[in-house]
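The lines below spell out each chain.
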Amino acid sequence: MSSEKSLAGCMNAPVLKERGQHEVFCGLTSIIWLHRKMQDAFFLVVGSRTCAHLLQSAAGVMVFAEPRFGTAILEETDLAGMADAQEELERTVEELLSRRTDIKRLFLVGSCPSEVIKLDLATAAEKLSERYFPKVNVINYSGSGIETTFTQGEDACLEAVIRGLEPSNERQLVILGALPDIVHDQMLRLLEQLGLKNVLVLPQVRVDEKVSVGSNTHFICAQPFLGASFEEMVRRGAKPIFAPFPFGANGTTAWLKAICDIFGVSKETFDAVTDAPRRRAEIAIEKVSKILTGRSLFLFPDSQLEIPLARFLNQECGMKLIEVGSPYIHKQLVGPDLQLLPEGIIISEGQDVDKQLDRVFDHMPDLTVCGLGLANPLEAKGLTTKWAIELVFSPIHFYEQAADLASLFARPINRSEKLKIGRVA
Amino acid sequence: MKLSVWTYEGPPHVGAIRVATGMEKVHLVLHAPQGDTYADLLFTMIERRNHRPPVTYTTFQARDLGSDTASLFKKACIEAYERFKPELLLVGASCTAELIQDDPGGLAETLGLPVPVVPLELPSYQRKENFGADETFFQIVKTLSRPLEKTSEITCNLIGPTALGFRHRDDVLEMTKLLNSMGIKVNVSAPYGATPKDIELISQAHFNVLMYPETGEMACRYLERTYSQPFTKTVPIGVGAISDFVKEVSEIVEINASNADTYSQLPWYSASVDSTYLTSKRVFIFGDGTHAMTAARIAKDEIGFEVVGLGCFNRELARPMRKFAATFGLDALISDDYLEVEKHIQAVAPELILGTQMERHIGKRLGIPCAVISAPVHVQDFPARYSPQMGPEGANVIFDTWVHPLVMGLEEHLLTMFREDFEFHDEAGPSHHAAHSPGQKNEPQVTEATDNIAENKIIWLKDAEKELKKIPFFVRGKARKNTEKYAENNGFSEISIETLYEAKAHYAR
Ligand code: SF4
Numbered sequence: 007m008s009s010e011k012s013l014a015g016c017m018n019a020p021v022l023k024e025r026g027q028h029e030v031f032c033g034l035t036s037i038i039w040l041h042r043k044m045q046d047a048f049f050l051v052v053g054s055r056t057c058a059h060l061l062q063s064a065a066g067v068m069v070f071a072e073p074r075f076g077t078a079i080l081e082e083t084d085l086a087g088m089a090d091a092q093e094e095l096e097r098t099v100e101e102l103l104s105r106r107t108d109i110k111r112l113f114l115v116g117s118c119p120s121e122v123i124k125l126d127l128a129t130a131a132e133k134l135s136e137r138y139f140p141k142v143n144v145i146n147y148s149g150s151g152i153e154t155t156f157t158q159g160e161d162a163c164l165e166a167v168i169r170g171l172e173p174s175n176e177r178q179l180v181i182l183g184a185l186p187d188i189v190h191d192q193m194l195r196l197l198e199q200l201g202l203k204n205v206l207v208l209p210q211v212r213v214d215e216k217v218s219v220g221s222n223t224h225f226i227c228a229q230p231f232l233g234a235s236f237e238e239m240v241r242r243g244a245k246p247i248f249a250p251f252p253f254g255a256n257g258t259t260a261w262l263k264a265i266c267d268i269f270g271v272s273k274e275t276f277d278a279v280t281d282a283p284r285r286r287a288e289i290a291i292e293k294v295s296k297i298l299t300g301r302s303l304f305l306f307p308d309s310q311l312e313i314p315l316a317r318f319l320n321q322e323c324g325m326k327l328i329e330v331g332s333p334y335i336h337k338q339l340v341g342p343d344l345q346l347l348p349e350g351i352i353i354s355e356g357q358d359v360d361k362q363l364d365r366v367f368d369h370m371p372d373l374t375v376c377g378l379g380l381a382n383p384l385e386a387k388g389l390t391t392k393w394a395i396e397l398v399f400s401p402i403h404f405y406e407q408a409a410d411l412a413s414l415f416a417r418p419i420n421r422s423e424k425l426k427i428g429r430v431a
Numbered sequence: 022m023k024l025s026v027w028t029y030e031g032p033p034h035v036g037a038i039r040v041a042t043g044m045e046k047v048h049l050v051l052h053a054p055q056g057d058t059y060a061d062l063l064f065t066m067i068e069r070r071n072h073r074p075p076v077t078y079t080t081f082q083a084r085d086l087g088s089d090t091a092s093l094f095k096k097a098c099i100e101a102y103e104r105f106k107p108e109l110l111l112v113g114a115s116c117t118a119e120l121i122q123d124d125p126g127g128l129a130e131t132l133g134l135p136v137p138v139v140p141l142e143l144p145s146y147q148r149k150e151n152f153g154a155d156e157t158f159f160q161i162v163k164t165l166s167r168p169l170e171k172t173s174e175i176t177c178n179l180i181g182p183t184a185l186g187f188r189h190r191d192d193v194l195e196m197t198k199l200l201n202s203m204g205i206k207v208n209v210s211a212p213y214g215a216t217p218k219d220i221e222l223i224s225q226a227h228f229n230v231l232m233y234p235e236t237g238e239m240a241c242r243y244l245e246r247t248y249s250q251p252f253t254k255t256v257p258i259g260v261g262a263i264s265d266f267v268k269e270v271s272e273i274v275e276i277n278a279s280n281a282d283t284y285s286q287l288p289w290y291s292a293s294v295d296s297t298y299l300t301s302k303r304v305f306i307f308g309d310g311t312h313a314m315t316a317a318r319i320a321k322d323e324i325g326f327e328v329v330g331l332g333c334f335n336r337e338l339a340r341p342m343r344k345f346a347a348t349f350g351l352d353a354l355i356s357d358d359y360l361e362v363e364k365h366i367q368a369v370a371p372e373l374i375l376g377t378q379m380e381r382h383i384g385k386r387l388g389i390p391c392a393v394i395s396a397p398v399h400v401q402d403f404p405a406r407y408s409p410q411m412g413p414e415g416a417n418v419i420f421d422t423w424v425h426p427l428v429m430g431l432e433e434h435l436l437t438m439f440r441e442d443f444e445f446h447d448e449a450g451p452s453h454h455a456a457h458s459p460g461q462k463n464e465p466q467v468t469e470a471t472d473n474i475a476e477n478k479i480i481w482l483k484d485a486e487k488e489l490k491k492i493p494f495f496v497r498g499k500a501r502k503n504t505e506k507y508a509e510n511n512g513f514s515e516i517s518i519e520t521l522y523e524a525k526a527h528y529a530r
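Residue numbers (our numbering), protein chains in the order written: chain V, 7 to 431; chain U, 22 to 530.
Chain V extracted, bound-state conformation (with noise of 0.2 Å):
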C-alpha cells in the first residue's frame, strides 16, 4: 500500500477476458433471497422444468415453507401457437392471484425459453396491471441465463422497479440493493447517527414504502453487481455517489464517508459516530484473520462481489491474491475497489472453466473461493474451498459483520488443518 505506483491499483490493469463454458448460475437464481425480502412479492417464472429444477436445487431445503415463487411451466402446446401462450399465462396468473390474495407485486420473470420464443412479458405484464390495478402491480424483467448471471437477476429486477418509480426533486439519499435485515437495519442505524434524512432503499420491503427519484436524488450501490440498476438511475437523473463496498472496517469507513462528503456531514460528526464501531471492526477483524494472512487466494468468478471481497481480504486481512474473477466487470462500479487491489495479480472477467481450473492447480491456493458444482471436486484433490453462494445470503456489510466476513473465509482453513484424516473421496 506504501508504493506510488499502487495508488493506480489495477484500475487499468489487463483485464483476461475469457470465453468458454461458464459454471455460473442464471439470474433467475437470485429469486431465492429477493422473494425473502420483498415480503409482498411473488415472483412468477415463464419457464421451463429446467428453471423451476434450477430454483428448487439452488434453494435446497431453505425456503421450502411458502416460497413466494414458482414457475409458470411451457409445455408442448404453449409453443405450438403464441396467441396461446398469453391467455394460459393470464389465466396462471389468475389462480394465483386468486390463491394469493397477500400478493401487491407480481414479477413476471423471463427465462431463456420465454426469450427465444420471443414471448412478450412486458406487454403481458402491463396488460395484467390494468386488469388488477391498483391491488397488484405487474412487473416484468428478465433472469433469463442467455442475459444474466446471478445476481445480475437482482439487478434485472431492480431496473424495473426503478423504470416504475414516480419522480421527485425532493433531496434524498437512495440506497441500492437487497441486504440481509441486520444489516440493512444497521445501516439505517448508522446513516441516522450520521444526521442523514430522507434516505430511501431499494428494493422496498413492501410495495407502500413510497420511493421517488429525480435529479436530486443521490445514490449509492450497496452491492456491486446492480450495474444495470446504476444506469437506470442516472437516466432518470439521480447522481451516484462511488465509494468501495461496505466490507471490512476501511471498506464500511470510504463508503459512509462518500456519502457524508455529498451531504455535508461535519468530520466530528462523521467520527464520532464511526470512531467505536470501526475500532470495535478492527479488532475483531485483526483476531479472526490471524489464520488468513499471508494465505494465497482464488476467486473463481460468481457473483461479481469478488473485486470488492478481493480488496477486503487482501487489505485488511493480508491475504496475497492470486486471481481475481468476476462474470462481468463494471469498471465504475468496482472501480474504487479495483484502485486498492495489488498490482501483478489475474484479473478475469467471463470464463473458461477448464483453462481456469488449470489455472488453479498450477497454483494450488490456501484458497479457492467457488460455486457449488466445483467445491467439493476441488477439496478432493487437495484444495481447501469456500462456497461462493454464502456470501449473498449471509450479513456480510459494514462494521458488526467484518469479523463475520472474514471467519467466513477462516472456517475452511481452519476445519482443514483441524482434520487429521486425509481426504480421499
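Check before you lean on any hint, since a few could be wrong.
Unchecked claim - Calculated cross-link-like contacts (lysine-lysine; reagent style DSS-like; alpha-carbon spacing at most 25 Å):
1) K296/V to K326/V
2) K106/U to K387/V
3) K490/U to K302/U
4) K106/U to K218/U
5) K95/U to K23/V
6) K361/V to K163/U
7) K110/V to K23/U
8) K106/U to K163/U
It is worth saying that the hints were derived from the structure and are not from the lab. Keep in mind that this is a model prediction, so the values were computed, not measured.
Assemble chain U with the ligand onto chain V, guided by the hints.
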C-alpha cells in the same frame, strides 16, 4: 402452462447427466445456457461426488443466438474430446437449445471424431428426468452392444442404477452378493460403474436384472428383443419380493435356488412383541412407482401397517400403479404436483408417511413422521454407511428406517398412561429424537382438511376439546376427524365427550 413450485423430477437432460455421471469414460456435450450448469451441484453437493460430472455445457448467450450457436457447439465438442478423451461422446440439447434447433447430433457427426457419438433426443417440453435417463441408456446400449456368445458360467447384468439414484450404489453391491450366493456372476452393472467397453460385452450375459424400471426398462426390452436376453420383473425390495425374485431367477436360468442367501432380520423384528404397536398404523406411501409399490407390499405384509394412500409421481408407471393400488382397495394418486399430494395427506391424516424429500417436508409441516423411500432425495439420504434398499440387508435397513420416526412400543403405552405428566407428555415427541423438544407443536393440522365439515358448523364443546387433547398426538388427528365424521353422519351439531367416545366405539378396530 403449468404452475409449479417444487418438482419431483428435473428435465430429461438431467436424466442424461445421471447416466453419463454414473458411467466411466463417457462425456456429454450439452447445448445449454450457462444457468443449466446448476445440474453439476446435484452431483457434487447432494451426492458428494469427488469429481465434476463429465459434462461440457456450451453456455451460449443471447448475443450468440442466430449467429454462431452451431459453431459454438462444434467447438465445445472438439475441445471436450481433446481434453477428456472419452471412449464415447453423448450429445444433446437442453430446453432452450431444443428451441433453437441446432441439431447437435448432426453437427457432431460432421466432426468425424474417432469415438462413437450418440445423439440424444430429450424432449424437454413433454418428458422428464427418468425418461431422459431411460432413453439415454437405451441409446448407449443400442449403439455399443453387439451379438456375443453367452458366457460359460451363468451371468447376468444389473440394469438401471445411475448417479444420484436413491441408494443405487449400495443396491448394486447387495444384488451382487445375493446373485453370487445363487452361483450367478455379474457380467456388467450399468450405467452405474460401467465403461463403454463394458457395454460392448452386455449381450454375453444370460439374463438381465432390471433393478429400476424407471431408468432401465427400455434397454432391457431392447436387449430381450435383440439378443433374447430375458429380464426380471420383480424388484427385490422387501422379504416377500426377494423370495419372488429368487424364484423368478431360478426359473429363468433353471437352477436350484436353495443356496440363495436371503436371510434378513425383518421377519423376526416384525414378529417380536415390541413391534405389536406397529399393527395397523396408517401409512401414506408416495414416491417413484417402483419404490412406492414395493414399499406398500412391505408395509402391509411384512410390518402389518394399514396402507391408507398410495401413489407415484411418474406417469410412466401410472398403469401398473393403478392396478396395484386397487388390490389394496385404493385409488392410486398419480401426480407430480406436491400441493395435491399434500392435500391428500391432510385428508387421510396418516400416522406415518413413506415418501420422498417432498413428503418429508409435508410431514414436517403437518407434524406427521416420515421416512424416505424414494428419490428425489437430499444430502442426508446419501448416508456414509452401507444402506441398500434391495436384498436382505435392504430389508433390515427398511425396518430400521421406517420404525425410527415413530414413538417406540413401550413408550407409546407410557404416554397413554401418563398423558398429563408435565415432563413426559406426548408433545415431547419420541424420546430418541432430540429435535422434538417439549413445546414444539406436533399436532397434525388436520383441521384444514376437514374444512367442509367445519362449514357444516359442528362445534367442539370445551370438555370434549380438552378430552381430545389427552389423546396422544400421533392419533389425535385421526380421532378428531373420525369424531367429526361421526357427528356429521348422525346429524349432530355439537361434539361432547359423549360423542367423542361414541365415535371411538363406532370406529373401533
Ligand atoms: S439458464 Fe435459462 S433455461 Fe436454464 S434455468 Fe436459467 S433461465 Fe432457465
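Holds or violated: K106/U and K163/U, Cα atoms, limit 25 Å. holds, 22 Å
K106/U paired with K387/V [C-alpha distance capped at 25 Å]: holds, 20 Å
Are the Cα positions of K490/U and K302/U separated by 25 Å at most? Holds, at roughly 20 Å.
Compare the distance between the alpha carbons of K95/U and K23/V with 25 Å, and conclude whether the hinted pair is satisfied. Holds, at roughly 21 Å.
Taken at face value, is the distance from the CA of K23/U to the CA of K110/V at most 25 Å? holds, 22 Å
Tell me if the straight-line CA distance from K361/V to K163/U falls inside 25 Å. Violated. K361/V to K163/U sits at ~34 Å, over the 25 Å cutoff.
For K106/U and K218/U, compute the direct alpha-carbon distance and say whether it is at most 25 Å. Distance ~14 Å between K106/U and K218/U Cα, so the pair holds.
Hinted pair K296/V and K326/V, Cα distance within 25 Å: holds, 13 Å
Checked against the numbered hints given earlier, this structure breaks only hint 6.
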